[in-house]
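S.K.: Could you fit the two chains together into a complex? Lean on the hints.
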Amino acid sequence: MKKVRQFLVLLLILILCVSLVAGCAQSANKAPTNSKNTQENQTKVKNPDTMVVAYNDQPTTLDPHIAYDPESLQAISQVYEGLVTYKGGTNEVVPQLAERWETSSDGKVWTFYLKKNIKFTDGAPFNADAVKTSFERLLKINQGPAWMFDMIKSIDVVDEYTVKFNLEYAFVPFIHALANPSGPMIISPKAIKEHEENGDLAQNWLRQNMVGTGPYMLESWNMGQDFTLVKNPDYWGGWEGKHVSKVVYKVVQESSSQRLMLESGDADFANAIPRDVIEDLSKNPDITVQVDSTVNLLNLFFNNQRGALKDKRVRQAMAYGFSYDDCIKGVFNNLGKRMQGPLPPGMWAHDSTIKPYEKDVEKAKKLLEEAGYPGGKGLKFTIMVETGSEDYKKVAELFQSDMKELGIDISIQVLAWATIKDMLASAETAPDMFISGFYPDYLDPDNVLYALYSSRTIGSINESFYTNPQVDQLLEEARRSTDLAHREELYKRAQQIINDDCPAIFILVRDNITTMRSWVKGFVFHPILVNRYYFMYKE
Amino acid sequence: MTTYIARRIAMLIVVLIGMSLLTFIISHAIPGDPVRLAAGPHAGPEQIESLRKQLGFDKPLPVQYLMYISDLLHGDMGTSIETRKPVREEVLTYLPATAELSIFALLISVAIGLPLGVVSATRKNTFIDNGGRIASLLGASTPIFWLGLLLQLLFYKKLGLLPIGGRIGIELNPPAHITGFYIIDSILSGDWLALKSSILHLILPAFTLGYGSMAVFTRMTRSSILEVLNEDYIKTARAKGLSERVVIYKHALRNAILPVMTIIGLQFASLLGGAVLTETVFSWPGIGNYGVHAIMTLNFPAIMGVTLITTVIFVIVNLIVDISYAFIDPRIVYK
Numbered sequence: 001m002k003k004v005r006q007f008l009v010l011l012l013i014l015i016l017c018v019s020l021v022a023g024c025a026q027s028a029n030k031a032p033t034n035s036k037n038t039q040e041n042q043t044k045v046k047n048p049d050t051m052v053v054a055y056n057d058q059p060t061t062l063d064p065h066i067a068y069d070p071e072s073l074q075a076i077s078q079v080y081e082g083l084v085t086y087k088g089g090t091n092e093v094v095p096q097l098a099e100r101w102e103t104s105s106d107g108k109v110w111t112f113y114l115k116k117n118i119k120f121t122d123g124a125p126f127n128a129d130a131v132k133t134s135f136e137r138l139l140k141i142n143q144g145p146a147w148m149f150d151m152i153k154s155i156d157v158v159d160e161y162t163v164k165f166n167l168e169y170a171f172v173p174f175i176h177a178l179a180n181p182s183g184p185m186i187i188s189p190k191a192i193k194e195h196e197e198n199g200d201l202a203q204n205w206l207r208q209n210m211v212g213t214g215p216y217m218l219e220s221w222n223m224g225q226d227f228t229l230v231k232n233p234d235y236w237g238g239w240e241g242k243h244v245s246k247v248v249y250k251v252v253q254e255s256s257s258q259r260l261m262l263e264s265g266d267a268d269f270a271n272a273i274p275r276d277v278i279e280d281l282s283k284n285p286d287i288t289v290q291v292d293s294t295v296n297l298l299n300l301f302f303n304n305q306r307g308a309l310k311d312k313r314v315r316q317a318m319a320y321g322f323s324y325d326d327c328i329k330g331v332f333n334n335l336g337k338r339m340q341g342p343l344p345p346g347m348w349a350h351d352s353t354i355k356p357y358e359k360d361v362e363k364a365k366k367l368l369e370e371a372g373y374p375g376g377k378g379l380k381f382t383i384m385v386e387t388g389s390e391d392y393k394k395v396a397e398l399f400q401s402d403m404k405e406l407g408i409d410i411s412i413q414v415l416a417w418a419t420i421k422d423m424l425a426s427a428e429t430a431p432d433m434f435i436s437g438f439y440p441d442y443l444d445p446d447n448v449l450y451a452l453y454s455s456r457t458i459g460s461i462n463e464s465f466y467t468n469p470q471v472d473q474l475l476e477e478a479r480r481s482t483d484l485a486h487r488e489e490l491y492k493r494a495q496q497i498i499n500d501d502c503p504a505i506f507i508l509v510r511d512n513i514t515t516m517r518s519w520v521k522g523f524v525f526h527p528i529l530v531n532r533y534y535f536m537y538k539e
Numbered sequence: 001m002t003t004y005i006a007r008r009i010a011m012l013i014v015v016l017i018g019m020s021l022l023t024f025i026i027s028h029a030i031p032g033d034p035v036r037l038a039a040g041p042h043a044g045p046e047q048i049e050s051l052r053k054q055l056g057f058d059k060p061l062p063v064q065y066l067m068y069i070s071d072l073l074h075g076d077m078g079t080s081i082e083t084r085k086p087v088r089e090e091v092l093t094y095l096p097a098t099a100e101l102s103i104f105a106l107l108i109s110v111a112i113g114l115p116l117g118v119v120s121a122t123r124k125n126t127f128i129d130n131g132g133r134i135a136s137l138l139g140a141s142t143p144i145f146w147l148g149l150l151l152q153l154l155f156y157k158k159l160g161l162l163p164i165g166g167r168i169g170i171e172l173n174p175p176a177h178i179t180g181f182y183i184i185d186s187i188l189s190g191d192w193l194a195l196k197s198s199i200l201h202l203i204l205p206a207f208t209l210g211y212g213s214m215a216v217f218t219r220m221t222r223s224s225i226l227e228v229l230n231e232d233y234i235k236t237a238r239a240k241g242l243s244e245r246v247v248i249y250k251h252a253l254r255n256a257i258l259p260v261m262t263i264i265g266l267q268f269a270s271l272l273g274g275a276v277l278t279e280t281v282f283s284w285p286g287i288g289n290y291g292v293h294a295i296m297t298l299n300f301p302a303i304m305g306v307t308l309i310t311t312v313i314f315v316i317v318n319l320i321v322d323i324s325y326a327f328i329d330p331r332i333v334y335k
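Chains L and R, in that order, give the protein sequences.
Mapping to the working numbering: the first sequence position 432 is 432, numbers consecutive.
Mapping to the working numbering: the second sequence position 53 is 53, numbers consecutive.
Same shape as in the complex, but just chain R (with noise of 0.2 Å):
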C-alpha cells in the first residue's frame, strides 16, 4: 500500500509539470496583454514597459516557464497582474473557502442521497421511489444559479430565516486564520458567535452547490443497490433469518458502495471545479470566482496558480478515494 501511494504521488509531480506546462502555453498562447490592461488606460509604451519588467514578462517564454517553475519549487506562485500581491497568498485566501462550501456540498449531498437512494431501491416503484425520481431529475436539471436565486427569494426574502450570502455576517470579524475554514476557526477559538454566522451562511450556498450531487447519488446507489439484491448472497442472508435492515445497510450496501464511492470522489473534485456559480450567486469570496476573474483579465500567474492548486487536489482526491476502496472491499489490495 505505502509503495502505491508513492507511486501514486511520484505520478502527481509528472502531472503538475504536464499540467503547468499546458497551462502555461495555452494562457500565453491566447492574443492579449494582460500588462497593458493593468498599466492603465492612458499608459504610454514606456510605462507599459517598465511594468513588464517588473512583473518579468519582459523575458522569452521558456525563460518565464523555468522561472516560474523554480520560483515554484521555492513556494513562490508568481505575482499577480492585477493586484501585484502574491498568488500563494491570494490563492490560500480563496482556496478554504472553496473547500469549505464543497465539502459542506458533499456532506449535505452525501447524507440526503445515499439514503434515499438506498429507500428508494428497497420501496421500488412506491411513492418514496417516484418521490425520489422526480427529486433527482429536478437536482440534475435545476441551474444552480436558479436555484440559488430562489433559495435566497424563500429564505432570506420570505421568510428571513438565512443570510443573503458572504460567509460570515458583517457585524462580525471573520474567527482567527487557523485553517481558513471558518467552522473549524470558530471552533477552535471558541468563538460561538462566528461559528453560529458561518454555518447559517453555508447553508444556502452548501445545499445549492450540493443539490446536483445528491441526485446523482441517490440514482447511483438507487441502482447499485437493486443489482445487488439480486445476488445470491442477499437470498442467504434473508434465509438466515436476517432483519431487513441487517441485509440492507450491513450486506447490500456494503456490497454497492463502491461505484458510489468512485462518484463521490469525482464529484467532489467537480464540486471544487463547478462551485463558481454558486460562488457568484452567494458572494462566496472562493477559488471558482477567483479563477474566472483570473482568465477574463488574462492574469497568467493566478491562472496558473489556480489550475495547479485544482490539479493537486483533483489528483489528491482520487487517490483517497482508491486508497478507500481497500478498507470497503477487502478483496482489493494495492501492490
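Isolated chain L, as found in the complex (with noise of 0.2 Å):
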C-alpha cells in the first residue's frame, strides 16, 4: 500500500509538473536558436539521401489528368512529365520529354518531336502514341485542368517521334498551357490499357498508382500520414550528379509542429509556416527563408450586375476608399506588392502605366454623389469571406472599416466555399462582393485576363460577371494572334479598359516564402512550378 502511495504521489507530481516544465519549454524555445543541437545540426545533415517535406495536406488524387489541388500537384510533378516545362526560375519554356517543336504559320497545327529511348517506370517506350493516348484522356475525363485544352481538335501520330495537334483555333498560350504542371502529363499507354475498368481510362487505378517516365517513382501512400517516392533507376535525365534517392511528403497539419520539425531538421521544408514567424525563424542559421515574388493574386470582387454596383462609379468609389497600404503592411506584413491593374507585376505585357487606385477619400466621395449616392445614402452591400479564411477576414474587416468613411455600409458573412461556390453559379444568387486569390496556371496574360474578365467565362471562372464586349473582342484577338507586339499591345489595351471599369478591387500579389533548412541546396522557386526535389541535394 505504501509503495503505491509513493508511486501515486510521483505520478501526481508528474502531472502537475507536465504543465510548468511544459510552459518553461515554450519561454526557452523563444530563446535565440544557437543551441548545442542547432550548432551540431549545422555540421551533421539529417538523412542526406531523403528530402523530407512537411505538408500541411495530402493529395486528394494522383491522377494527373484529375489533380488540380497544389498537393496532388507537388506529388505528380515528381513522376510525371510533360512535352515541354519552364526553366526554372524563369518565364521561358523549354523542352522536356519533346526534343524540339514548331508551329504551323496560322498558329493551328503545332508538331512535337520527341525525344528518344524514354521509358516509363512499367517498361513501356515513351513515343507519340503515349502523348496521343495521354491527351485522349485528359480531354476524354474532362475534368479540373482539361479545360485548358479544349482547343484540341485532333491529334496526330506522324511517326513513332512525332505528333502533331491539330487545333480548333491559333491559341498562342497553347506552348504555356503545355508547361503548366497540371494537365499535360503523360502517362504510360500500357498503364491505362492494362488498369482500365468499364471504359473508366483506369482512373481507379491512377488515382492511387502513378506510372510516368520522371525522376521518381511512388513507393508508398499511407492516407493522412505520409507519401513516399523513391528514385526511378532508370531514369532518362541519369543519376549523375548530387540528388536525393527518396522524397518524402509528411502530413503535419499544425503550423506549431511543422517549425519544431524544421528547427529538429526532421523536416527539410516546411509548407505552412505563419507569416508572423519568419522574421524570429530567419534568424536561426540553420534555417533558409525565401521570400519569392509570384503571381499569385489577391481581389475583392464585385458583383458586376447587381444594383448599384452595375456603376462603374460606385465601383471606383470603393476602389479609392480601400487602404492598400494598410492591407499590405497590416495583414501580410508587407510580403506581397502591390497590384497595378488587373495582370501581376512581373508577367509578361503587364503595362506598368496603369495608375493604380490609392486611397483619396474626396475623390471616392465625389464618384458617389455623381452615381446618385451622395454620403453613400442607401448603400449596402454583403461581403462573403471564405471560413478559415482569416487573411480573407481582416481584409474584410478593413474594407469594411474603409467603406464607413464613405457611408458605405458593409457586412460580413463568413461560409464554406462549397456554399459560396455554389451560389457564385450565377449573377442572381452571388453576393454581392467576395475575396479571392487567384493562382494562374501558366505564365501568359491570357490565363487571369481571358479567365477573370471574358464574358466567355461567366458561369466558370469569370465570378465577377464583368462583361465588357470591347475587352471581349481584345482578349479573343490577342490569344489567337501570332505576332508577339500586336498581342502585347492588345493586351495593354484590355488591362487599361478593365482598370477602369474596376470590376474588382485589385489588392495584392502574395509573395511566396519558402522555409527549408540550409543544408538544402539547389532550390529555385518558379511561380507556377511545384518544387522539383530532382535538382536538390542536401550537403
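To be clear, the hints were calculated from the coordinates, so they are not data collected in a lab.
One or more of the hints may lead you astray.
What the hints assert, rightly or not - Capping the alpha-carbon separation at 20 Å, the derived lysine to any residue pairs in SDA-like fashion look like this:
#: 1; chain 1: L; residue 1: K46; chain 2: R; residue 2: E49
#: 2; chain 1: R; residue 1: K157; chain 2: L; residue 2: V45
#: 3; chain 1: R; residue 1: K85; chain 2: L; residue 2: N198
#: 4; chain 1: L; residue 1: K46; chain 2: R; residue 2: N173
#: 5; chain 1: R; residue 1: K157; chain 2: L; residue 2: S256
#: 6; chain 1: R; residue 1: K85; chain 2: L; residue 2: N209
#: 7; chain 1: L; residue 1: K329; chain 2: L; residue 2: K359
#: 8; chain 1: L; residue 1: K231; chain 2: R; residue 2: L172
#: 9; chain 1: L; residue 1: K140; chain 2: R; residue 2: E49
#: 10; chain 1: L; residue 1: K132; chain 2: L; residue 2: E194
#: 11; chain 1: R; residue 1: K158; chain 2: L; residue 2: L281
#: 12; chain 1: R; residue 1: K85; chain 2: L; residue 2: W205
#: 13; chain 1: R; residue 1: K85; chain 2: L; residue 2: D57
#: 14; chain 1: R; residue 1: K157; chain 2: L; residue 2: S264
#: 15; chain 1: R; residue 1: K85; chain 2: L; residue 2: R207
#: 16; chain 1: R; residue 1: K157; chain 2: L; residue 2: Q208
#: 17; chain 1: L; residue 1: K283; chain 2: R; residue 2: K157
#: 18; chain 1: L; residue 1: K132; chain 2: L; residue 2: T111
#: 19; chain 1: L; residue 1: K521; chain 2: L; residue 2: D292
#: 20; chain 1: R; residue 1: K158; chain 2: L; residue 2: S264
#: 21; chain 1: L; residue 1: K246; chain 2: L; residue 2: N209
#: 22; chain 1: L; residue 1: K140; chain 2: R; residue 2: L55
#: 23; chain 1: R; residue 1: K158; chain 2: L; residue 2: D292
#: 24; chain 1: R; residue 1: K85; chain 2: L; residue 2: D200
#: 25; chain 1: R; residue 1: K85; chain 2: L; residue 2: Q208
#: 26; chain 1: R; residue 1: K158; chain 2: L; residue 2: T111
#: 27; chain 1: R; residue 1: K85; chain 2: L; residue 2: S220
M.R.: As C-alpha cells, then:
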C-alpha cells in the first residue's frame, strides 16, 4: 500500500509538473536558436539521401489528368513529365520530353519532335502514341485541368517520335499551357490499358498509382500520414551529380509542429509556417527563409451585375476608399506587392503605365455623389469570406471600416467555400462582393485576363460577372494573334479598360515564403512550377 | 440476456435509419454545391453537370437517399466527392487510427484516474487529495490543443524523447494491414521496430486526449467511494477486522464502480468524437480529421459515412457498458 501511495504521489507530481515545465519549454523556445543541438545540426545533415517535406495536407488524387490542387501537383510533378516545361526560375518554355517543336504559320498546328529511348517506369516506351493516348484521356475525362486544352481538335501520330496537335483555332499560349504542371503530363499507355475497368480509362487505378517517365516513382502512400517517392533508377535524365534518392511528404497539419520539425532537422521543408514567425525563424542560421515574388493574386470582386454595383463609379469609389498600404502592411506583413491593374507585375505584357487606385476619400465621395449616392446614402452590401481564411477576413474587416468612412454599410458573412461557390453559379444568386485568391496555371496574360474578365468564362471562373464587349474582342484577338508585339499591345489596352471599369479591387500579389533547412542546396523557386526535388540535394 | 442484446441490436438498426435520414437531410439542406467545388475552378456548366451525373447527384433527393440505403445494405458507403475513392475504404483507413488512439487514451485515463480517485477518497483532505483535485481541475480546464503543443515542446523539442506526430516513423513502413491497429498488427506480424515506433508515437496523443477523461474518472471515483465508505457494510467489513486494502478494493470499489463504468462508456464515445483536436495537433490520420474535412467541403457521402460509423460505435459501446453492469453487480439482471 505504501509503495502504491509513493507511486501515486510521484505520478501526481509528474502530472502537475508537465504543464509547468512545458510552459518553461515554451519560453525557452523563444531564445535564440544557437543551442548546442542547432550547431550539431549545422554540421551534420540528417537523412542526407532523403528530402523530407512537412506538408499540411495530402494529395486528393494522383491522377495527373484530374488533379488540380497543390498537394496533388507536388507529388505528380516528381513522377510525371510533360512535353515542355518552364526553365527553373524563368518564364522561358524549354523542352522536357519533347526535343523541339514548331508551329504552323496560322498557329493552328503544333508539331512536337520527341526525345528517344525514354521509358515509363512500367517498361512501356515513350513515343508519339503515348502522347496521343494521354491527351485523349485528359480530354475524354474532361475534369479539373482539361479546360486548358479544349481547343485541341485532333492529335496525329506522324511517326513514332513525331506528334501533331491540330487546334480548333490559333491559340498562342498553347505552349505555356503545355508547360504547366496540371494536365499535360504523359501517362504510360500500357498502364491505362491494363488497369482500365468498365471504360474508366484506369481512373480508379491511377488515383493511387503512378506510372510516369520522371525521376521518382511512388513507393507508398499511407493515407493521412505520408507519401514516399523513391528514385527511378532508369530515369532518362540520369543520376550523375548530386540528388536525393527519396522524397517523403509528411502530413503535418499544425504549423507549430512544422516549425519544430524544421528546427530539429526532421523536416527539410515546411510549407505552412505562418508569416508572423518568419522573422524569428530567419534568425536561425540552420534555416533558410526565401521570399519570392509570385503571380498569386488577391482581389476583392464586385458582383458587376447587381444593383448599384452595376455603376462603375460606385465600384471606383470603393476602390478609392480602400487602404491598400494598411492592408499589405497590417494583414500581410509587407509580404506582397501592390497590384497595378488586373495583371500581376512581372508577367509578360503587364502594363506598368497603369495608375493604380490609391486611397483618396475625397475622390471616392465625389464619385458616389456623381453616381447618385451622396454620402453613400442607401448603399448596403454584403461581402463573403471563406471559412478558415483569416487573412481574407481581416481584409474584409479593413474594407468594412474603410467603407464606413464613405457612408457605405458593409456586412461580412463567413461561409464555407462550397457554399460561396454554389452562390457564384449565377449573378442573381452571387454575393454582392467576395474576396478571392487566384493563382494562374501558366505564365501568359491569357490565363489571367481571359479567365477572370472575359464574358465567355461567366458561369465558370469569371465570378464577378464582368462583361465588356470591347474587352472580349481584345482578349479573343490576343489569344489568337501570332504576332507577339501585337498581342502585347492588345493586352495592354485590355488592362487599361479593365482597370478603369474596376470589376474588382486589385489588392496585391502575395509573396511566396519558402522555409527550408540551410543544408538544402539547389532550390530554385518558380512561380508556376512546384518544387522539383530532382534538382536538389542536401549538404 | 441474449434477448436483451438482440433487442438492443434491433434498436441499433432503427437508430441507424433515423440517423442516416437526419444526416442526409441536414447535410443536403446546407446551401452549397460540393460538385461545383470538386469539378475545379475553371469548370463550366457542362463539366459540372457531367461530374454530377457521374456521382449520381443529378437525381431527386428521395431517390438519392433510397439509392444510398440500398448501396449501404450491400456494404457500399458511396464515393467521396473530393477524392472519388469509396468512402468505405477511406473510413476503414482512418477509423482504426482513431480507435487505437481512443482506446489508449482511455486506458491511460482509467489506469491513472481510478487509483488516484481511490487514494484521494481514502486520504481525504490530505496532500494527495488536494494534489488530485488540482490535477483534475487542470485536466478539466486545459484545452487539448494547448496541452498537446506543450507536450510536443517538452518531449520532442526539449527532451528529444518522443516523436512529434504521426503514427509511425517515416523511416519505417507501417505493419502489414490486419486490423489497422498498428500495435496489434506489428505484434501479429512480428515487426518489433514498428511496434516500438507505434507505441512511442501513441504516448503523447493518447495522454493529451486522455488527460481530460482522467480528471473526470478521478473525481467520479473519489465521490463515489466516499459515498460508499459511509455504508453499513463497509463498517461491518472493518468490524470483521478485514485489512483496509480488502475493504477498499474488494468491498468499496466494486460497489462504487457502477457510475464510473457509465462514465467510462460515455467518455470513450466522446473520446472518439473529440479526438479531432488531438489528431490535428499530432497529425494523427484519424476519422475526426476526415469528418471535419468532409464537413468543410460538404462531401455528403463522407459526412454520412463518418456519422453512421460513429453512431454504431456509440450504440455498441453503450451496450457493452450496460452488459458489463450485470457482471459487476449480480443484482442487475436483464430480461
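S.K.: All the hints need checking, so say for each whether the structure fits it.
M.R.: So, going through the hints one by one against the coordinates:
For the given pair, K46/L sits about 49 Å from E49/R by alpha-carbon distance, which is inconsistent with the 20 Å threshold. With a C-alpha separation of about 18 Å, the suggested pair K157/R and V45/L falls inside the 20 Å cut-off, and the hint holds. Distance restraint check for K85/R and N198/L: the Cα-Cα separation of roughly 16 Å lies within the 20 Å cut-off, and the hinted pair is therefore satisfied. Among the hinted pairs, K46/L with N173/R is consistent with the structure: their alpha-carbon atoms are about 19 Å apart, no more than 20 Å.
About 11 Å separates the Cα atoms of K157/R and S256/L, which keeps this hinted pair within 20 Å; it holds. About 13 Å separates the Cα atoms of K85/R and N209/L, which keeps this hinted pair within 20 Å; it holds. For a cut-off of 20 Å, the pair hint linking K329/L to K359/L stands: about 15 Å separates their Cα positions. Restraint check for K231/L and L172/R: satisfied, since their Cα atoms lie roughly 17 Å apart, inside the 20 Å limit.
For the hint pairing K140/L with E49/R, the CA-to-CA distance comes to about 15 Å; that is within 20 Å, so the pair holds. For a cut-off of 20 Å, the pair hint linking K132/L to E194/L stands: about 17 Å separates their Cα positions. At most 20 Å may separate the alpha-carbon atoms for a hinted pair to count; K158/R and L281/L meet this at roughly 17 Å. Using a Cα cut-off of 20 Å, the hinted pair K85/R and W205/L holds, with the two alpha carbons roughly 10 Å apart.
Straight-line distance between C-alpha atoms of K85/R and D57/L comes to about 17 Å, which keeps the hinted pair within the 20 Å bound. A threshold of 20 Å between alpha carbons decides the hint, and for K157/R with S264/L the separation of about 7 Å falls inside it, so the pair holds. Restraint check for K85/R and R207/L: the C-alpha separation of about 8 Å stays at or below 20 Å, so the hint holds. Of the supplied pair hints, the one linking K157/R and Q208/L is violated, its CA atoms being roughly 34 Å apart against a limit of 20 Å.
With a C-alpha separation of about 18 Å, the suggested pair K283/L and K157/R falls inside the 20 Å cut-off, and the hint holds. At most 20 Å may separate the alpha-carbon atoms for a hinted pair to count; K132/L and T111/L meet this at roughly 12 Å. With a C-alpha separation of about 17 Å, the suggested pairing of K521/L with D292/L holds against the 20 Å cut-off. The straight-line distance between the Cα atoms of K158/R and S264/L is roughly 10 Å, inside the 20 Å bound, and the hint therefore holds.
Proximity of K246/L to N209/L is assessed by CA-CA distance (about 17 Å); at most 20 Å being required, the pair is judged to hold. With a C-alpha separation of about 17 Å, the suggested pair K140/L and L55/R falls inside the 20 Å cut-off, and the hint holds. Our distance criterion of 20 Å between C-alpha atoms is broken by K158/R and D292/L, whose separation comes to about 33 Å. For the hint linking K85/R to D200/L, the alpha-carbon distance of about 13 Å falls within 20 Å, and the restraint holds.
For the hint pairing K85/R with Q208/L, the CA-to-CA distance comes to about 9 Å; that is within 20 Å, so the pair holds. Annotation: proposed proximity of K158/R to T111/L is violated, straight-line Cα distance about 60 Å (limit 20 Å). The straight-line distance between the Cα atoms of K85/R and S220/L is roughly 17 Å, inside the 20 Å bound, and the hint therefore holds.
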